[in-house]
Amino acid sequence: LSGDAGTHELLDKQLAQSAISLNPAAPQPLTPRLNPRRPASHPASILPAISQKAKSMSEEAASRPGSTLDEFNAYIQKAGLGHNRSAMKDNPGYVEDLALAFYKWNEDPKTSPNLEIEDPDDYSFLMDCLDSPVAYEDEGVAVALLKVLKVLSRKVSNRETMEISDVKIIVKFVHRSHTTAICTEAASICLNICYEKEVVGMMVQTRGVEELTEMMSSYSEDVQANAAGALQSLSYQEEGRVHMRELEVLKSLLPLLTHDNVKVRTRVVGVVHNMSSDIQSIAVIREQKAIKTLVQMLTDPDVAICSSAAGAIQNISREAPSKVEISDVGGVPPLIDLMFGSDVQTQVCATGALLNILGPKLECDPSTGVQMPHNVANRKALSKLVMLSLVTGMAFHGMYTT
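Here the sequence shown is numbered in my numbering, starting from 885 and rising by one per residue.
What the hints contain is simulated information worked out from the structure, not anything from laboratory work.
Only true hints are included.
No farther apart than 20 Å at their CA atoms in a straight line, the calculated lysine-lysine pairs in the PhoX-like style are these:
hint	residue 1	residue 2
1	Lys1176	Lys1207
2	Lys1081	Lys1052
3	Lys1173	Lys1135
4	Lys973	Lys962
5	Lys1173	Lys1207
6	Lys1135	Lys1176
Computed Cβ-Cβ distance ranges for the label pairs, DEER-style:
hint	residue 1	residue 2	range
7	Gln1089	Asp954	29 to 39 Å
8	Lys1135	Asp1006	36 to 46 Å
9	Val1126	Asp974	39 to 49 Å
10	Ser1136	Lys962	41 to 51 Å
11	Ser1104	Pro1017	17 to 27 Å
12	Gln1089	Pro1139	22 to 32 Å
13	Glu1021	Glu1098	13 to 23 Å
14	Ile1220	Asp954	51 to 61 Å
15	Ser1104	Arg948	30 to 40 Å
For every residue, glycine included, the Cβ atom is placed at its ideal position computed from N, Cα and C.
With the hints as extra help, turn the sequences into a complete structure.
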């Protein structure tokens, strides 16, 4: 822990000079608990046994009710031979019942049989149903079908097979003219599918970002929370951040940093955290007078809010005018306090922000701008002090919270 010059210089480089913090939105949907394609660390001699067990578990999962869309797809195909050659026209009520039954089995991600199967689902019939005029006219049917798609969008393999035609259908349901229940489900799907970089590009092309931004003015807190979560997923990718900056999305979101609803506030500050990694967006955050609010959020009892605020402050402190404002509004003391907190990610962000704010002041004489040997020594001393404080905080919580 004593460290050497190289250690402190590396810490400076990682945390202060070019560090950018991002927040990948709400926690990733649970990945399948059975994943035989995951690289194994077991001895080669027992791999065949593990492979056989994985295959057996997969077959068992596939036999459980709600594990696949087979029953739903079979009915849609069979109904295609009916009077109107469309299940959605002949018996939309039964389509809704099938959809709700599948959702009931998979509502909880922790016990979802569908999520245990790694292979992608055939959801082409589902998308055809969603694109039917009946789905746009019947709220109950639309909500049931969207719930199924929400379940499927939790799975990586399904998100990776999504096409732009699918995204266009989803975006249609995001539009504010639909009911609150429909908007809530559609926004939740967007949150999930935008974990994939390719889908973010599709959302940009289909005006999905614009529609989600409109949803932030909804009177429903659930709609706002899900829309903000989707925007948080979008802003995790550079293409999404650039597009959101061009649309001036931050100007609509920043006032919501003080929203009464914790979930809305958590996701909005998550968006701001991600957008602050875009250097051109930092000025927008500063000009919209949001720095003081972010500093106040550093003392929020909710860890997720506090962590995102610290990440945003770390990113914002790369800009000279913002460094001054962070100091002026009292940002340094709460950042120091966070170094001794219990959340490692928050500690790292607070440390990076402090080095960004205080470090440059020690690099040279403020009156002449000339760097002297003692300035270099002071900077290294700050780095060492910050590092030791960070480790001390971790050690303290490690001893007294276990």
